[in-house]
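S.K.: For reference, the chains in residue letters:
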Amino acid sequence: MTHLNEDKLIQYAFDLMDAGDRETAQQHLDDCGDCRAALDALKQKFAAMESLAGEVPPSEELIAQTLAVKDTAKTIPLYRRVWVGWSAAAAAVVLMGTLMLHNLPVTPTKSSPPAKGQYRAAGRGSFPDDRMASLSEAAQGSVGTAHPTEGIRVVSADEIPDKPPFAPASAIELVVLPKPDKTQVTIYNSKDLTLVRDTRKLTLKPGWNWIQFMWANTQIDPTSLSLTPLTHADKVDIQLISYPARLKDIGRWLIRSEVEGAVPFEITYFASGLSWRAFYMGTMNEDETTMDLKGHVNVSNHSGQDFDNTRTRLIVGETRLTEEIRYLAQRHYPYGPDIIIDDGDEDGIDHALEYDEWHWKRSRSRMKEIPLSGSLGGAFNGDLYLGSGIKHDIKQIEKTGLSEYFLYTIEGTEDLTNQWAKRLPSFDVEDVPVKSLYKYDDARYGKQPVRFVSFANDSEHELGETPIPEGAIKIYRNVNEARNLSYVGQSNIKYIPVNEDIELNLGPARLVKVEPTLMATQTENYTFNNKGNIDGWDDIETWKIEITNTREIPIDIEITWNMGTDSWELTYVDTASTAEDAIEYKKHDKSRGRFTMTVPVRSEKNFGMTIRKYRKKRIETYVQKIQEKEK
Amino acid sequence: MTQQTDQNLMDAYCRGEDGAFETLVRRHGAAVLGYLTKMTHNQDHAEDLFQETFQKVHEHAAKFTGDNLRPWVLKIATNAAIGRWRKEKKHAAVSLSAPVACGDGTNCPALESTLASDTPEPVEQVSLNEKRQQVRAALNTLPTQQRAALILNYYHQMTYKQIAESLGCSVGSVRTHLFRALKKMAGLLPNPAGGIE
Numbered sequence: 163m164t165h166l167n168e169d170k171l172i173q174y175a176f177d178l179m180d181a182g183d184r185e186t187a188q189q190h191l192d193d194c195g196d197c198r199a200a201l202d203a204l205k206q207k208f209a210a211m212e213s214l215a216g217e218v219p220p221s222e223e224l225i226a227q228t229l230a231v232k233d234t235a236k237t238i239p240l241y242r243r244v245w246v247g248w249s250a251a252a253a254a255v256v257l258m259g260t261l262m263l264h265n266l267p268v269t270p271t272k273s274s275p276p277a278k279g280q281y282r283a284a285g286r287g288s289f290p291d292d293r294m295a296s297l298s299e300a301a302q303g304s305v306g307t308a309h310p311t312e313g314i315r316v317v318s319a320d321e322i323p324d325k326p327p328f329a330p331a332s333a334i335e336l337v338v339l340p341k342p343d344k345t346q347v348t349i350y351n352s353k354d355l356t357l358v359r360d361t362r363k364l365t366l367k368p369g370w371n372w373i374q375f376m377w378a379n380t381q382i383d384p385t386s387l388s389l390t391p392l393t394h395a396d397k398v399d400i401q402l403i404s405y406p407a408r409l410k411d412i413g414r415w416l417i418r419s420e421v422e423g424a425v426p427f428e429i430t431y432f433a434s435g436l437s438w439r440a441f442y443m444g445t446m447n448e449d450e451t452t453m454d455l456k457g458h459v460n461v462s463n464h465s466g467q468d469f470d471n472t473r474t475r476l477i478v479g480e481t482r483l484t485e486e487i488r489y490l491a492q493r494h495y496p497y498g499p500d501i502i503i504d505d506g507d508e509d510g511i512d513h514a515l516e517y518d519e520w521h522w523k524r525s526r527s528r529m530k531e532i533p534l535s536g537s538l539g540g541a542f543n544g545d546l547y548l549g550s551g552i553k554h555d556i557k558q559i560e561k562t563g564l565s566e567y568f569l570y571t572i573e574g575t576e577d578l579t580n581q582w583a584k585r586l587p588s589f590d591v592e593d594v595p596v597k598s599l600y601k602y603d604d605a606r607y608g609k610q611p612v613r614f615v616s617f618a619n620d621s622e623h624e625l626g627e628t629p630i631p632e633g634a635i636k637i638y639r640n641v642n643e644a645r646n647l648s649y650v651g652q653s654n655i656k657y658i659p660v661n662e663d664i665e666l667n668l669g670p671a672r673l674v675k676v677e678p679t680l681m682a683t684q685t686e687n688y689t690f691n692n693k694g695n696i697d698g699w700d701d702i703e704t705w706k707i708e709i710t711n712t713r714e715i716p717i718d719i720e721i722t723w724n725m726g727t728d729s730w731e732l733t734y735v736d737t738a739s740t741a742e743d744a745i746e747y748k749k750h751d752k753s754r755g756r757f758t759m760t761v762p763v764r765s766e767k768n769f770g771m772t773i774r775k776y777r778k779k780r781i782e783t784y785v786q787k788i789q790e791k792e793k
Numbered sequence: 004m005t006q007q008t009d010q011n012l013m014d015a016y017c018r019g020e021d022g023a024f025e026t027l028v029r030r031h032g033a034a035v036l037g038y039l040t041k042m043t044h045n046q047d048h049a050e051d052l053f054q055e056t057f058q059k060v061h062e063h064a065a066k067f068t069g070d071n072l073r074p075w076v077l078k079i080a081t082n083a084a085i086g087r088w089r090k091e092k093k094h095a096a097v098s099l100s101a102p103v104a105c106g107d108g109t110n111c112p113a114l115e116s117t118l119a120s121d122t123p124e125p126v127e128q129v130s131l132n133e134k135r136q137q138v139r140a141a142l143n144t145l146p147t148q149q150r151a152a153l154i155l156n157y158y159h160q161m162t163y164k165q166i167a168e169s170l171g172c173s174v175g176s177v178r179t180h181l182f183r184a185l186k187k188m189a190g191l192l193p194n195p196a197g198g199i200e
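Order-wise, the sequence lines are chains A and B.
Numbered according to the numbering used here, the first sequence spans residues 163 to 793.
Numbered according to the numbering used here, the second sequence spans residues 4 to 200.
Hints listed in this document are in silico derivations from the structure and should not be mistaken for laboratory results.
Some hints here could point you the wrong way.
Distance condition first, Cα-Cα at most 30 Å in a straight line; then the derived DSS-like pairs of lysine-lysine [unchecked claim]:
{"no.": "1", "chain 1": "A", "residue 1": "K636", "chain 2": "A", "residue 2": "K656"}
{"no.": "2", "chain 1": "A", "residue 1": "K207", "chain 2": "B", "residue 2": "K187"}
{"no.": "3", "chain 1": "A", "residue 1": "K675", "chain 2": "A", "residue 2": "K597"}
{"no.": "4", "chain 1": "B", "residue 1": "K164", "chain 2": "A", "residue 2": "K207"}
{"no.": "5", "chain 1": "B", "residue 1": "K66", "chain 2": "A", "residue 2": "K325"}
{"no.": "6", "chain 1": "B", "residue 1": "K187", "chain 2": "A", "residue 2": "K205"}
{"no.": "7", "chain 1": "A", "residue 1": "K778", "chain 2": "A", "residue 2": "K693"}
{"no.": "8", "chain 1": "B", "residue 1": "K186", "chain 2": "A", "residue 2": "K207"}
{"no.": "9", "chain 1": "B", "residue 1": "K186", "chain 2": "A", "residue 2": "K205"}
{"no.": "10", "chain 1": "A", "residue 1": "K656", "chain 2": "A", "residue 2": "K675"}
{"no.": "11", "chain 1": "A", "residue 1": "K748", "chain 2": "A", "residue 2": "K793"}
{"no.": "12", "chain 1": "A", "residue 1": "K749", "chain 2": "A", "residue 2": "K793"}
{"no.": "13", "chain 1": "A", "residue 1": "K706", "chain 2": "A", "residue 2": "K752"}
{"no.": "14", "chain 1": "A", "residue 1": "K205", "chain 2": "B", "residue 2": "K134"}
{"no.": "15", "chain 1": "B", "residue 1": "K90", "chain 2": "A", "residue 2": "K410"}
{"no.": "16", "chain 1": "B", "residue 1": "K134", "chain 2": "A", "residue 2": "K207"}
Quick partial rundown of chain A residues pointing at chain B, CB under 10 Å, derived from the structure [unchecked claim]:
{"no.": "17", "residue": "D169"}
{"no.": "18", "residue": "L178"}
{"no.": "19", "residue": "L204"}
{"no.": "20", "residue": "Q206"}
{"no.": "21", "residue": "M211"}
{"no.": "22", "residue": "E212"}
{"no.": "23", "residue": "S213"}
{"no.": "24", "residue": "L214"}
{"no.": "25", "residue": "G216"}
{"no.": "26", "residue": "P219"}
{"no.": "27", "residue": "P220"}
{"no.": "28", "residue": "S221"}
{"no.": "29", "residue": "T228"}
{"no.": "30", "residue": "L229"}
{"no.": "31", "residue": "P323"}
Quick caveat: nothing in here was measured; it's all calculated off a predicted structure.
Built from N, CA and C at the ideal position, the CB exists for glycine as well.
Given the sequences, and given the hints that come with them, work out the whole structure.
M.R.: Spelled out as structure tokens, the structure:
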């Protein structure tokens with residue numbers, strides 16, 4: 163018969179042949195040395211598989227984690243298990259679902275109780291979601307005994323197993339956190355960093371509890387998550403936080419509880435995507451001596467999640483941060499659609515003020531109250547957003563100094579909805595004394611004078627209680643008694659500490675002109691070298707400067723004259739004799755002189771000057787002259 | 004003292020005796036973890052699946068009938084491993100034993116041996132590790148069903164019927180899986196002569 167090929171040998175060696183075929187093969191092998199050798203070779207080859215033989219004993223740690231499954235699973239009557247010794251009608255309610263810190267499509271109808279494994283779908287954004295609320299309500303409804311306001315029962319520590327359960331693979335073991343009762347966000351603009359703190363009442367069962375939370379589609383730094391019980395701290399122990407393998411954007415807290423019932427917790431984490439900007443509007447009076455200054459803060463939320471009923475605090479100043487949260491957040495999925503949630507929670511403000519830790523020095527400013535306008539609660543783009551953030555009273559922003567930066571706290575609470583922005587009034591101060599000044603400096607501003615308005619962030623200017631955050635400012639002016647406004651200019655305010663001056667550049671002035679004319683030039687004081695060649699001289703320039711003020715008010719102007727050399731002197735200035743017309747001159751620095759003057763209403767002013775500029779070898783003479791003067 | 008049967012222990016566990024479950028985990032844990040390690044080529048994944056497996060055992064404890072828990076547990080473990088493999092198809096993960104890119108594509112050290120390369124080992128150990136690596140690599144090339152069939156048959160001495168139950172297929176399919184797996188392995192396993200001839 164023919165030799166056994168590899169297929170036959172494999173079938174023979176691993177007993178995959180029919181009895182008849184096997185007998186035939188056996189007979190052949192008995193007679194054929196080649197096939198026997200081939201069979202031996204095959205067996206030797208497969209002997210390598212023995213290297214992987216043997217069992218892999220699980221570590222004690224793994225066994226402990228695995229065993230713990232029964233401790234948590236006892237509470238789930240989903241199977242035909244007969245549970246013994248579990249009293250109080252499952253008083254410890256296991257709420258199914260997940261704590262979802264992310265932004266998902268809203269399904270307004272309450273869904274059926276979440277099933278095992280539903281959290282997997284949640285990661286893909288298909289979770290029916292009222293962001294925890296629907297979950298917890300559905301879960302509560304399904305179990306029927308959960309009540310966050312139930313009294314808290316303390317159980318004996320002996321009743322709790324020593325070994326914690328392992329992180330369950332499915333959602334059934336997990337406790338959901340209900341919607342936050344109160345939330346506080348602190349936005350550190352300088353680093354795209356927001357500290358979020360919220361409190362939620364979490365219904366714990368005695369023993370071990372797992373809480374799952376998700377941050378898909380959000381910009382949360384999962385490493386910053388922290389959970390703290392606000393009451394019963396000695397009875398409730400947060401043991402660890404685990405990030406299960408295979409599951410993206412999911413973490414689980416393990417809590418050992420000696421109490422049963424609803425315990426308030428605080429969750430803190432860093433998020434990114436929230437930002438705020440300051441806007442200012444200044445309205446000057448007719449003669450431009452005072453200005454009403456209004457400040458607004460525009461808070462925008464692109465963090466991927468909604469913050470309802472949220473106390474909002476803004477940090478002014480620089481903070482240190484080594485990593486940017488938005489990178490830590492490692493988003494896997496694009497943004498979901500915009501969501502507006504109006505939870506209608508009316509008592510948010512009181513809750514929000516309960517935070518004991520907020521021992522902020524209340525330096526309530528004398529900023530006066532601002533009537534509610536369309537801007538409050540209005541969306542950034544002008545659409546009207548009627549969230550519960552609209553309270554028909556006055557919001558104020560409270561300012562507090564911290565060690566290195568400054569804290570603005572928006573009074574009450576706001577709904578900060580994802581992808582929305584909100585503008586809130588910050589302060590409103592009347593009659594801030596201001597100084598208008600026109601500046602001419604062709605090297606810096608070109609041929610046109612530029613208009614500046616200056617004031618100081620101090621008490622003399624009705625300010626000075628807080629630093630003024632960086633932001634854009636628009637300046638208007640009352641042009642007549644009917645308080646019609648004209649637009650003056652726009653500028654940006656840099657961060658202004660208390661007692662610092664502010665000078666706003668409002669752009670080129672149209673009604674003020676400065677026209678310099680070179681009237682004459684001449685050279686003199688030539689010097690010669692040994693060969694009789696010229697090696698130095700003086701240039702003498704005679705200028706006439708004409709300033710025109712076509713405005714209805716007198717103006718102050720400052721002309722900075724660039725000499726183009728360091729070796730110069732002003733030999734003659736044609737200043738008027740009367741005090742009113744006086745032109746002040748001073749040497750501004752080594753190459754510039756500065757003239758300041760007041761130009762009356764609708765008038766022109768001229769002055770002349772002669773400048774001597776020392777060239778080449780003559781510079782030595784100039785230096786000598788200066789030295790003699792200093793002596 | 005006679006050893007309690009798996010059935011007795013499961014019954015005891017269902018009545019609420021905590022110790023019974025531990026006994027079962029200790030009794031079958033090494034086999035399950037060994038199986039999952041071979042199936043997944045990744046210790047972490049194997050441990051995850053190990054927990055998942057025993058959680059299923061716990062959840063479905065009341066459904067267990069029979070004397071020997073081993074095939075049932077391995078069936079659950081197989082399902083867990085296959086479920087994981089299906090998921091991984093969508094989100095490819097780097098296995099610890101995946102070859103490290105090293106240019107010519109041959110004789111690449113596996114990641115784990117690269118990680119442990121600073122530990123001096125006897126020649127035999129190195130040789131054994133190499134052999135294991137080759138077997139693992141060969142196993143890894145097999146489709147999941149074939150791999151499961153081969154591991155259950157070769158390492159766990161399960162009958163075709165038991166394997167068929169574990170994989171949810173017919174005995175004939177098991178034989179086909181097994182034959183194809185062995186044929187492929189025969190082509191991939193190192194020649195014991197090692198080219199010295």
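S.K.: Can the restraint linking K187(B) and K205(A) be considered satisfied, given a maximum Cα separation of 30 Å?
M.R.: Cα-Cα ~14 Å, so holds.
S.K.: Would you mind confirming whether the straight-line C-alpha gap from K207(A) to K187(B) stays at or under 30 Å?
M.R.: The hint holds at about 12 Å.
S.K.: Against chain B, with CB atoms and a cut of 10 Å, does the hint on G216(A) hold up?
M.R.: Since the shortest Cβ distance to chain B is 7 Å, the answer is holds.
S.K.: Run the distance test for K186(B) versus K207(A): straight-line Cα separation, threshold 30 Å.
M.R.: This hinted pair holds, its Cα atoms lying about 12 Å apart.
S.K.: Regarding the pair K186(B) and K205(A), is the alpha-carbon distance no greater than 30 Å?
M.R.: 13 Å, holds
S.K.: Identify whether the interface hint at M211(A) stands, where standing means a beta carbon of chain B within less than 10 Å of its own.
M.R.: 5 Å, holds
S.K.: Min Cβ distance, E212(A) to chain B: is it shorter than 10 Å?
M.R.: 9 Å, holds
S.K.: With a cut-off of 10 Å, does the beta carbon of Q206(A) approach a beta carbon of chain B closely enough for the hint to hold?
M.R.: 4 Å, holds
S.K.: Quick check on D169(A) please, does its C-beta sit within 10 Å of some C-beta on chain B?
M.R.: With a closest approach of 7 Å, the D169(A) hint holds.
S.K.: Taking 30 Å as the top limit, are the C-alpha atoms of K748(A) and K793(A) close enough?
M.R.: 20 Å, holds
S.K.: Can the restraint linking K134(B) and K207(A) be considered satisfied, given a maximum Cα separation of 30 Å?
M.R.: Status holds; Cα separation ~11 Å.
S.K.: Between K706(A) and K752(A), does the CA-CA distance stay at or below 30 Å?
M.R.: 22 Å, holds
Of the numbered hints listed earlier, not one is contradicted by the structure.
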